[in-house]
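> One line per chain: the protein sequences are X and B, in this order. Going by the working numbering, the first residue of the first sequence is number 1, and it counts up by one from there. Going by the working numbering, the first residue of the second sequence is number 1, and it counts up by one from there.
Since the hints were derived computationally from the structure, they do not count as laboratory data. Positions of the beta carbon are idealized from the N, C-alpha and C atoms, including for glycine. One thing to keep in mind: the hints can contain errors.
[Stated by the list, open to error] Computed footprint of chain B on chain X; a stretch qualifies when at least three of its residues, placed anywhere within it, have a C-beta under 8 Å from a C-beta of chain B:
id	stretch
1	99-109
2	157-165
3	265-274
4	293-300
There are 2 protein chains.
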Amino acid sequence: MEVVASILAGDVPTAARLMRDLDDRRPDAIAIVKQLYAHTGKAYVVGVTGNPGAGKSSLVDALIAHYRAAGETVGVIAIDPSSPFSGGALLGDRVRMHRHSLDPGVFIRSLATRGHLGGLSRSTFDIAHVFDAMGFQKIVIETVGVGQDEVDVMAAAHTTVVVSVPGLGDEIQAIKAGLLEIADVLVVNKSDREGADRTVRELRHMLGLRVAHDHEVAVVSTVATRGTGVAELAAAIEAHRATAWSGPGAATRATARARAHLEGLVRAMLAERASRVLAAHVTDPAVDVAARRKDPWSIAEELVALSGTL
Amino acid sequence: MEVVASILAGDVPTAARLMRDLDDRRPDAIAIVKQLYAHTGKAYVVGVTGNPGAGKSSLVDALIAHYRAAGETVGVIAIDPSSPFSGGALLGDRVRMHRHSLDPGVFIRSLATRGHLGGLSRSTFDIAHVFDAMGFQKIVIETVGVGQDEVDVMAAAHTTVVVSVPGLGDEIQAIKAGLLEIADVLVVNKSDREGADRTVRELRHMLGLRVAHDHEVAVVSTVATRGTGVAELAAAIEAHRATAWSGPGAATRATARARAHLEGLVRAMLAERASRVLAAHVTDPAVDVAARRKDPWSIAEELVALSGTL
Numbered sequence: 001m002e003v004v005a006s007i008l009a010g011d012v013p014t015a016a017r018l019m020r021d022l023d024d025r026r027p028d029a030i031a032i033v034k035q036l037y038a039h040t041g042k043a044y045v046v047g048v049t050g051n052p053g054a055g056k057s058s059l060v061d062a063l064i065a066h067y068r069a070a071g072e073t074v075g076v077i078a079i080d081p082s083s084p085f086s087g088g089a090l091l092g093d094r095v096r097m098h099r100h101s102l103d104p105g106v107f108i109r110s111l112a113t114r115g116h117l118g119g120l121s122r123s124t125f126d127i128a129h130v131f132d133a134m135g136f137q138k139i140v141i142e143t144v145g146v147g148q149d150e151v152d153v154m155a156a157a158h159t160t161v162v163v164s165v166p167g168l169g170d171e172i173q174a175i176k177a178g179l180l181e182i183a184d185v186l187v188v189n190k191s192d193r194e195g196a197d198r199t200v201r202e203l204r205h206m207l208g209l210r211v212a213h214d215h216e217v218a219v220v221s222t223v224a225t226r227g228t229g230v231a232e233l234a235a236a237i238e239a240h241r242a243t244a245w246s247g248p249g250a251a252t253r254a255t256a257r258a259r260a261h262l263e264g265l266v267r268a269m270l271a272e273r274a275s276r277v278l279a280a281h282v283t284d285p286a287v288d289v290a291a292r293r294k295d296p297w298s299i300a301e302e303l304v305a306l307s308g309t310l
Numbered sequence: 001m002e003v004v005a006s007i008l009a010g011d012v013p014t015a016a017r018l019m020r021d022l023d024d025r026r027p028d029a030i031a032i033v034k035q036l037y038a039h040t041g042k043a044y045v046v047g048v049t050g051n052p053g054a055g056k057s058s059l060v061d062a063l064i065a066h067y068r069a070a071g072e073t074v075g076v077i078a079i080d081p082s083s084p085f086s087g088g089a090l091l092g093d094r095v096r097m098h099r100h101s102l103d104p105g106v107f108i109r110s111l112a113t114r115g116h117l118g119g120l121s122r123s124t125f126d127i128a129h130v131f132d133a134m135g136f137q138k139i140v141i142e143t144v145g146v147g148q149d150e151v152d153v154m155a156a157a158h159t160t161v162v163v164s165v166p167g168l169g170d171e172i173q174a175i176k177a178g179l180l181e182i183a184d185v186l187v188v189n190k191s192d193r194e195g196a197d198r199t200v201r202e203l204r205h206m207l208g209l210r211v212a213h214d215h216e217v218a219v220v221s222t223v224a225t226r227g228t229g230v231a232e233l234a235a236a237i238e239a240h241r242a243t244a245w246s247g248p249g250a251a252t253r254a255t256a257r258a259r260a261h262l263e264g265l266v267r268a269m270l271a272e273r274a275s276r277v278l279a280a281h282v283t284d285p286a287v288d289v290a291a292r293r294k295d296p297w298s299i300a301e302e303l304v305a306l307s308g309t310l
């Protein structure tokens with residue numbers, strides 16, 4: 001098939017169209033990605049997450065530059081609504097430019113965080129597989145790590161990098177504790193700021209408190225805007241790859257990663273079915289619920305029972 | 001039924017058990033909440049959201065004190081992982097205490113943000129209905145507003161309060177733009193800080209840029225830790241209630257709110273079905289996907305087709 005051959009040859013316009021069609025759940029797009037799947041499994045996926053203000057975008061920018069300097073091609077999936085990679089234009093008409101937009105070795109695809117109804121993880125996997133089939137060697141996923149959606153997204157990454165900064169308030173640090181559980185590599189960015197050493201010590205202390213961990217988590221200090229520490233970060237990612245994705249544990253991890261994609265797909269398909277079920281009703285069941293003529297639990301059960309027949 | 005009568009009489013231990021059982025999706029708990037539903041519709045639900053560091057917890061604390069001083073009972077649903085109301089003990093063993101924990105007129109129920117797989121909105125509605133049946137007059141939902149999950153949760157609120165602070169970085173401000181769309185009342189907290197006036201002006205400017213809005217959004221300045229501006233906030237919430245939840249628009253809003261709960265319930269039930277479908281397989285389909293013997297899209301389709309029969 002011509003489209004499959006174009007994607008495997010790395011054709012960007014064809015891939016961009018395919019990704020759009022995949023997001024619209026078009027059957028022809030899904031038929032194509034099924035054929036592409038056998039050609040995937042070569043790319044290495046790095047997830048970068050952390051709280052707003054941690055400088056994730058600068059770090060991703062520096063990491064892309066590092067991989068490009070090493071001759072590797074990079075696909076970027078930007079889910080962070082504040083990231084310049086995803087447009088970052090939420091503050092009106094201000095569009096921040098970045099240096100990789102004209103590099104044919106870098107392909108940036110942004111994903112909206114809103115209106116996805118939990119389908120973000122599914123979309124991320126789908127896009128990562130297309131990048132992979134195109135021959136991109138590294139795939140970088142950037143997301144803001146606070147909600148469950150964003151944590152789910154990191155299931156698509158082989159190595160998850162959690163970015164922190166010195167001197168954030170307690171409230172933000174507390175949220176970061178949730179991120180610690182999914183971190184394979186920790187970064188203290190803006191490490192030229194006061195308190196950086198203390199932040200590194202605190203993170204090492206928190207890492208020591210974890211009950212179970214199957215591998216050591218490296219803590220890397222960076223100043224992304226100056227490129228400081230970026231080579232060390234890339235080395236830490238490689239070190240995680242070498243221990244986590246080889247040997248007996250690799251198969252288990254690969255299965256868990258495949259399962260996360262499967263669950264995302266099944267959930268998205270069932271959610272579509274739920275929307276169809278609600279839409280297929282001649283009378284709006286929500287009107288009865290709002291008027292308290294019927295209770296929402298009984299109606300939901302009726303709708304789900306009906307959904308098997310749609 | 002005895003449990004129903006206990007809940008309607010406001011018995012806290014019975015309600016706490018019911019909420020736990022509802023979260024476990026126990027059929028007996030769902031049978032009870034169905035009977036309670038006809039007794040709901042009296043409580044007023046206020047949602048408080050905003051970025052980490054905005055001082056939401058102090059504001060919720062001050063709002064509870066305000067309602068209590070007016071003789072009203074308050075149910076609190078805390079979803080913010082950094083909130084003292086939800087335990088806020090992510091940073092090790094530090095447990096922050098708060099002044100309402102011994103007040104029988106305040107019932108605090110915290111919800112974990114992780115592992116909910118989009119069921120957060122459903123849980124919030126379920127708990128709000130139990131609080132409502134118990135006779136609580138005000139229900140306050142506190143959540144960190146960044147991900148889609150958190151935005152979905154606000155569908156359970158009659159009035160949504162979005163909290164901001166002066167002088168946050170650009171990155172955080174950008175995320176806030178997404179929250180602006182769901183705000184009924186805007187708060188600039190910590191308004192004794194430098195730049196507060198500018199933040200108020202910026203927010204007013206951003207509000208002016210909205211394409212469609214069915215009501216005016218008040219901007220209230222507060223210093224929650226000192227109680228400053230809290231009466232004004234409560235008045236702004238009441239003003240929103242008076243315009244939005246009376247007159248011809250009220251029925252439409254009530255239906256939309258009921259629909260959000262229904263969708264959450266249907267989605268949660270279908271997600272459970274998806275888990276059952278995956279678990280019912282003798283061989284783990286994810287193993288075949290990881291080995292690239294089968295593609296995930298085909299397997300997901302097979303599983304969804306099977307799900308109608310389970």
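> Next, verify each hint and record whether it holds.
Results of checking the hints against the structure:
Against chain B, the stretch 99-109 of chain X contributes 0 residues with a C-beta closer than 8 Å to a partner C-beta. That does not satisfy the three-residue criterion, and the hint is violated. Given a C-beta distance limit of less than 8 Å, the hint that chain B covers the stretch 157-165 of chain X is violated, as 0 residues qualify and 3 are needed. For the stretch 265-274 of chain X, the assignment as covered by chain B holds, since 8 residues bring a beta-carbon within under 8 Å of that chain's beta-carbons and 3 suffice. A stretch counts as covered by a chain when three or more of its residues have a beta carbon under 8 Å from one of that chain; for the stretch 293-300 of chain X and chain B the count is 6, and the coverage holds.
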